[in-house]
Structures are given as structure tokens and as C-alpha cells.
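Please put together the full structure from these sequences, using the hints given.
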Amino acid sequence: MLDVHAVSASYGNIVVLQDVSLNVGTGEMVALVGVNGAGKTTLMKCISGLLAPTAGHVSFNGTELAGRGCEAAVTAGISLVPEGRMVFPRMTVLENLLLGASNPRARPKRDDTLRRVFDLFPRLQERSGQHARTLSGGEQQMLAIGRGLMAMPDLLILDEPSLGLSPLMVQETFRALKRLNGDGLTMLLVEQNVRLSLAVSTRGYVIENGRIALTGSAEQLADDPLVRKAYLGL
Amino acid sequence: MPIDIIAQATVQGLLMGAIYALVALSMTLIFSTCGLLNFAHGDFMVLSMFGAMLLFELTGADPYLSAPLLFPALAAIGALTFTRLVRPVLAGGHLAGAQLTLGLVFVQQNMLLMLFGGDQRSVPTFLSNRHLEFLGVILPMPLVVGAVCAVALSILLYAMLMGTDFGRQIRAIAQNGNAAALMGIPIRRVQTLAFALGIGLLGITGALTVAQFSVTPSSGLDFTLVALIVMVFGGIGHFIGSLVGGLAIGVAEGVGSLMLGGTAGAMIPYLILVLVLLFRPHGLLGER
Chain W
1 MLDVHAVSAS
11 YGNIVVLQDV
21 SLNVGTGEMV
31 ALVGVNGAGK
41 TTLMKCISGL
51 LAPTAGHVSF
61 NGTELAGRGC
71 EAAVTAGISL
81 VPEGRMVFPR
91 MTVLENLLLG
101 ASNPRARPKR
111 DDTLRRVFDL
121 FPRLQERSGQ
131 HARTLSGGEQ
141 QMLAIGRGLM
151 AMPDLLILDE
161 PSLGLSPLMV
171 QETFRALKRL
181 NGDGLTMLLV
191 EQNVRLSLAV
201 STRGYVIENG
211 RIALTGSAEQ
221 LADDPLVRKA
231 YLGL
Chain Z
1 MPIDIIAQAT
11 VQGLLMGAIY
21 ALVALSMTLI
31 FSTCGLLNFA
41 HGDFMVLSMF
51 GAMLLFELTG
61 ADPYLSAPLL
71 FPALAAIGAL
81 TFTRLVRPVL
91 AGGHLAGAQL
101 TLGLVFVQQN
111 MLLMLFGGDQ
121 RSVPTFLSNR
131 HLEFLGVILP
141 MPLVVGAVCA
151 VALSILLYAM
161 LMGTDFGRQI
171 RAIAQNGNAA
181 ALMGIPIRRV
191 QTLAFALGIG
201 LLGITGALTV
211 AQFSVTPSSG
221 LDFTLVALIV
231 MVFGGIGHFI
241 GSLVGGLAIG
251 VAEGVGSLML
261 GGTAGAMIPY
271 LILVLVLLFR
281 PHGLLGER
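Heads up: the sequence lines are chains W and Z, in that order.
So in the numbering used here the end of the first sequence lands on 234, straight run, no missing numbers.
So in the numbering used here the end of the second sequence lands on 288, straight run, no missing numbers.
These are computed hints drawn from the structure, not numbers from a lab.
Every residue, glycine too, gets a C-beta built ideally from N, C-alpha and C.
No incorrect hints appear here.
Partial list, derived from the structure: chain W residues whose beta carbon lies under 8 angstroms from chain Z:
#1 Ser48
#2 Leu50
#3 Cys70
#4 Glu71
#5 Thr75
#6 Pro82
#7 Met86
#8 Pro89
#9 Arg90
#10 Met91
#11 Glu95
#12 Leu98
#13 Gly100
#14 Ser102
This is how it looks when you write it as C-alpha cells:
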């Protein structure tokens, strides 16, 4: 479904990604783990169209997306829930969600999608008239995920969904993600929380200094001595 | 000072303020969606005034009739300005964009000077020399009509921003451009339309107020400065703030000129700006 091939990216002279390849198949939940600054968010920017890679291809269901901007990626069926949530602070929860359905595929069906999002996160319905900035961190994360779902994506990418959340809220968020994946939604999960993300995923990639250092099934990675030492503290 | 004179100055200031508010709102619209501080803002309004004048001199059309024509005309000019000039230059940063608009100010001023000369001109409407008397306050009709239309247009703009998909997209871009892009919002198209709408509104405002102001090639910068003050006064990007700010600046200017005379009174809006920047740097209603 998603095929990232030999992607490199840089900000000015600073090379952030080098020759990164990664793929996600239909129905999978794939984890991309690595420490802060390894290049995870930059890779997500390249996939979602915020940043044009300096080399390589990003293809989605056969459509080439590299360097074609966000609109092309969203229309093709990729929805990114960005790091830091990036909800629209001075807009209501409902308005945030409606904006999620801005692409022409999702727009006509947005009332149905909205109902499904409210089913998944009843809290959002209770708060639908509130400004997004008045929500708690966990509620904002729900809103960001809900907004991402409003685009009716074939692939939902989550960049650091656990960041800044209480342990309880992290569990609740990941339960929702598992449920979505169980319903057939393909997901790419980008996390610093290695233990948690490998626990819910089928496969994973480890990114280090802008390169893919390791890949394998979630169990393999969790048992890998390097991963255990560097990321799991075992 | 007799109370009725103060009342006169206050009401007249409120009416002027309503017009200032609309000019500031269209400036805010462009600033917050396109990231451009448009120093040529008032000049687009002057362009519309000259358009109304030309239409009057050529065909005898009343400026009130020209207003609906000048909206699409200025909107088209706005769209072209944005796509051909502003967007390419803005890629070089906000400062480059602001400098470009300063350049536009002088290009247009001198072009108008060449074509029409520097004399002040006035354009009559069928309402010129008519007055509205209300509780002892006497108001020139063109000012009343200009202010009422400005309020109506401000309300329409607000309803559009709050209640339509297009308005939501504009606000989304203003609040977080990257997040808006991730929603698949066609940023460039929305920016072009917002810019065209902002300039188009000036097209209407210019035609509706041409009978109230005298028309000279160089008056654009005055409108721009007032709009800037109103925008900063109310809190940049804050809609209600701009509205309140416009009315406040209008009254301050009106009552100030009455009390201190025209020259000293003209300083008042700028003094207020300095005070607001000192004590409420995010504007009266702005938030950090």
C-alpha cells in the first residue's frame, strides 16, 4: 500500500534522512521507532507532503507522491495525525472535525464519518461546542485522531500519539488505535515509546541517525538484544 | 464644551470608525491567511475611488451604482496581484512581501498622478448635500450610508468566516498553516480567494465612501495606517477586536480633532497605538 523507497531529505545543508525505505501493507499496523532526532518526524513530513524529499520515491497504491504536496497525499488516502496534535486552538471540536473532511473524497460523507468518530470517542461529542484549546491533552489527542479519521484515510499515520499523555490516557488512546486497526484500518505508528508500540504492532522499523537500522516482526524486534539494550532498558 | 457638539463628534467618529473597521478587517483577512502585511491596502481603496470617479465622468454613473461593479473588478486585480506578484515574492519571507507592497504604493501613486494629476477631486452621489438629523446630531448622508454598508459587510464577512466551509478553511490556515495543509485544504486556492475577497471589499468600500472623502492619488497610505492601527489595537487577527478598534479609533479621532483642533487631533490615533503597544502588546482583545 505505502512504499517508501530510498528517500533522502535535508534541511539546508543538514542531512536528516538517508536512503530510507519502508513499506506498509493493507491492514497492517507497522511501528516506526527511534529516539528523538532520529528522523521520524521528517520521514512523516515526506510521506504526508509537507516536505519534498531530495531523493527517492513515496508511492501510495501506485501513485507517486514525493514532492507533490499535502493535498495530493490526503486525496490519495493518507492522513497524518501530526506530532504535537496541532489542533486548531480557537475553533470548536466540531469545526476541527469538519475540517478533517476537507478533501473531495471525504466531504460528501462527512456526516456519517462524524457519527463514527463520535462513536469511537464519545468524549468529543460531549465537548463538540468547546474550543479545542480548552481540552485536556488526552482529549486533544482524541480530537487529532478523530480529525485524521474524518479524511476517510486508507492509511492513518500517527506521529507520537503518546507524547505528553498520562499513562491512563496513553492506554485509552492505544486501545482506540487497536480497535481501529481491528476494523481494518491500515496504520503506521511512529513512537518513542518502543515497548508500547511494538506491543500493538505486527511489524516494526528502527530508525537511527536518519537510516533504517533494523526491521522485523514486532516479536523479533522486542527480542533483539540491541533494541532491548538501547530502547527497552533491559 | 457644549454637549451637543461632543455628541456630534462622537456619532460622526463612530460612523467613520465603522468604515475604518471594514478596511482593517479586510487587511486582517489578508494578513492572517496569506501572511502578507499589505502596505498598499489603502491604495487599492483609492484605486476603486478613481474607478468610481472615472465611471462617473465617462458615463455619469452614480458611485453607488458602480460599487457592485468595482467589487469583481478589484477582486480580479487582487487575485492577479496575489498570484503574479505577492506569492512569488512572499517565498522570500514576510519582509520581502511587505517591501513589495510598499513598492506597489509608489507605483500606483505615481501612475495616478500621471493620469489624473494631483488635484483633490470629489465625486457627487445622489445623496451628496443631504443630511440626516437625529436628536440634534446632523450627519452627512454619504457618511451614514458608507457606515451602514460597512457594518453590513462586516457582519456578512463574519458570518462567512464562522459559518461556511470556506470561512473555516480561512481560519484554519490562519491558526495553523501546516495543520491546514495536512487536512488537504487547497491552501493556494483559499489564499488567492481570500486575497481577492479582501481587495474586492475595498472595491466596494472605495465606491461607497468616495463621496465622503476627497480623492487624491496619495490618500491610500492614510487608510493603510489607520487600518494598521485598528488591527494592532484590537489584537491582530481578532475579528471583534478590529470592529471595536475601528469604532474606538474613529471616535478618538473625531472627538480629538474637536477638542484639540485638526492637527493635534490627527495625532490621537497614533498616540493610542503607542499606548496600546506599551501596555497591551497583543491588542485590547488579543490573546497570547
